[in-house]
Amino acid sequence: MTKIPTKKILKLGYTATTYKGMGISTVFEYKVLPFLSLEAGIYSRTAREGDGISFSLIDRQLNGQNLFASGGARWYPNMRKRIARQQSANNFTGSYLSISYESSLAAIQNGKVRDHFSMSYGFQGRFLNNGFLDFSLGLYYLRPFPEWFTSGMQVPTAFRIDNLVFASRSLIGLAFGDWKKNDRGPLCDVLYCDYLVRKHFKVRLPEVNIGIRGQFIRGEIGYERKLGPSPLSLNFSLWNETRTSLGRYSGIQATTMGEAQLRFYYLQKKQISKGRASDNLSGLYLGSRLAYIWRYRDASFLNPVTNAYSSAGIMTGYQQRLFNRLYFDALIGFSGLSSDKKLIKVESGEFNAKASVGFAF
2 MTKIPTKKIL KLGYTATTYK GMGISTVFEY KVLPFLSLEA GIYSRTAREG
52 DGISFSLIDR QLNGQNLFAS GGARWYPNMR KRIARQQSAN NFTGSYLSIS
102 YESSLAAIQN GKVRDHFSMS YGFQGRFLNN GFLDFSLGLY YLRPFPEWFT
152 SGMQVPTAFR IDNLVFASRS LIGLAFGDWK KNDRGPLCDV LYCDYLVRKH
202 FKVRLPEVNI GIRGQFIRGE IGYERKLGPS PLSLNFSLWN ETRTSLGRYS
252 GIQATTMGEA QLRFYYLQKK QISKGRASDN LSGLYLGSRL AYIWRYRDAS
302 FLNPVTNAYS SAGIMTGYQQ RLFNRLYFDA LIGFSGLSSD KKLIKVESGE
352 FNAKASVGFA F
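When we follow the working numbering, the leftmost residue of the sequence shown carries the number 2, and every step to the right adds one.
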């Protein structure tokens with residue numbers, strides 16, 4: 002998609018960060034010069050912690066504390082040279098430097114909004130006709146400090162070095178713009194469709210947040226293997242989210258989840274017979290899952306707390322290998338939750354969705 006001219010683009014996607022949580026973004030970006038664009042967007046936070054989107058919380062997302070408006074500019078430093086060398090057209094694909102400002106639509110603490118100033122470096126790319134991926138690392142000034150909006154502490158208005166954090170952000174989803182649809186593009190140059198893939202290791206792009214007063218990291222590794230010649234596979238993963246805080250109220254919070262999934266790629270045999278796919282680990286799937294979650298919390302003036310629970314359920318999703326070493330995996334499912342003392346008794350249900358992108362080997 003690097004040689005398709007594009008002057009405007011509307012992006013709808015799933016956003017994963019550690020400094021403001023997971024959520025849904027709508028962003029419009031417009032090229033004013035070949036190397037410069039302006040963008041504006043709306044972001045709805047659906048979860049501050051954890052992984053994925055819990056649909057039980059959707060009704061809370063339309064209040065101003067969870068809605069953020071943003072505006073900014075992007076500079077594509079290599080765009081003019083790539084156009085001159087006929088390596089690219091004037092579009093939104095490639096590395097960029099950006100500055101932006103973001104603010105909640107309502108006060109979050111002490112009558113003040115939550116806002117972010119940022120400078121970041123990232124890469125944005127399109128795949129197929131309407132897919133896009135955007136990943137960046139940057140320096141963010143978060144006001145108030147990200148831990149403070151859950152407490153009753155007064156929020157200082159003066160500049161504080163503690164409010165600076167180094168963080169990552171990933172955004173993946175659908176893109177719509179003024180480009181012409183290309184039905185005859187080199188599909189298998191994008192999709193890893195003509196290769197046999199019986200097993201692969203997966204490393205999800207991490208979400209990090211490194212600051213003076215606190216650190217946060219969320220990551221996941223996995224291994225998936227085909228079961229013989231069948232369209233079934235076993236997918237194992239280990240996920241961790243760790244948050245540390247320094248200062249007067251220091252502490253650590255950690256959540257680790259081990260999960261096993263049985264996946265059935267139900268269209269694969271039909272696609273292979275028509276010559277549209279090969280025997281690999283890509284496509285639509287149905288499945289079941291079983292997970293064990295362990296949580297630990299140790300904070301100042303409090304005794305350490307450890308708890309655990311299990312989760313089992315059903316799901317449907319889509320996984321695709323991209324550009325040889327990348328993968329995209331999105332699913333939606335329903336799970337029953339049980340405490341560590343009642344592992345076979347369902348105590349509550351959870352309906353959620355999740356999307357991830359990373360490297361596959």
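Among these hints, one or two may not hold up.
Derived DSS-like pairs (lysine-lysine); straight-line CA-CA distance at most 30 Å [claimed, not checked]:
1) Lys227 <-> Lys275
2) Lys227 <-> Lys200
3) Lys200 <-> Lys113
4) Lys82 <-> Lys113
5) Lys113 <-> Lys227
6) Lys8 <-> Lys32
7) Lys227 <-> Lys270
For each label pair, taking beta carbons as the anchor points, the in silico distance ranges come out as [as the list claims (entries may be wrong)]:
8) Leu247 <-> Phe362: 31 to 39 Å
9) Thr27 <-> Tyr122: 48 to 56 Å
10) Asp280 <-> Lys8: 50 to 58 Å
11) Lys275 <-> Ala41: 39 to 47 Å
12) Lys8 <-> Ile315: 15 to 23 Å
13) Leu138 <-> Ile315: 17 to 25 Å
14) Phe177 <-> Lys275: 39 to 47 Å
15) Leu285 <-> Gly350: 35 to 43 Å
Keep in mind that the hints were calculated from the coordinates and are not lab data.
All residues carry an ideal CB built from backbone N, CA and C; glycine is no exception.
* Asked: Are Lys113 and Lys227 close enough, with their CA atoms no more than 30 Å apart?
  -> It is violated: about 53 Å lies between the C-alpha atoms, which goes past 30 Å.
* CB-CB spacing for Ile315 and Lys8 relative to the 15 to 23 Å hint -> 44 Å, violated
* **Beta-carbon spacing of Leu285 to Gly350 - inside the hinted bounds 35 to 43 Å or not** => 24 Å, violated
* Could one say that the CB atoms of Phe177 and Lys275 fall in the range 39 to 47 Å? -> 29 Å, violated
* **Given pair status - Lys270, Lys227, alpha carbons within 30 Å** => The given pair, whose Cα atoms are some 14 Å apart, holds under the 30 Å limit.
* Asked: For the pair Lys275 and Ala41, does the Cβ-Cβ distance stay inside 39 to 47 Å?
  -> Roughly 43 Å apart at Cβ, these two residues keep to the hinted range, so it holds.
* Hinted pair Lys227 and Lys275, Cα distance within 30 Å -> 21 Å, holds
* To do: Please work out if Lys200 and Lys113 have their alpha carbons no farther apart than 30 Å.
  => 51 Å, violated
* Does the alpha-carbon distance linking Lys82 and Lys113 stay inside the 30 Å limit? -> Roughly 44 Å separates the two Cα atoms, so the pair is violated.
* Pair hint outcome, Lys8 versus Lys32 [Cα-Cα no greater than 30 Å] -> 5 Å, holds
* Asked: Okay, Asp280 versus Lys8 on CB: inside 50 to 58 Å?
  -> 41 Å, violated
* Asked: How does the Cβ-Cβ distance of Leu247 and Phe362 compare with 31 to 39 Å: does it lie in that range?
  -> 35 Å, holds
Hints 3, 4, 5, 9, 10, 12, 13, 14, 15, counting from the list given before, are not met by this structure.
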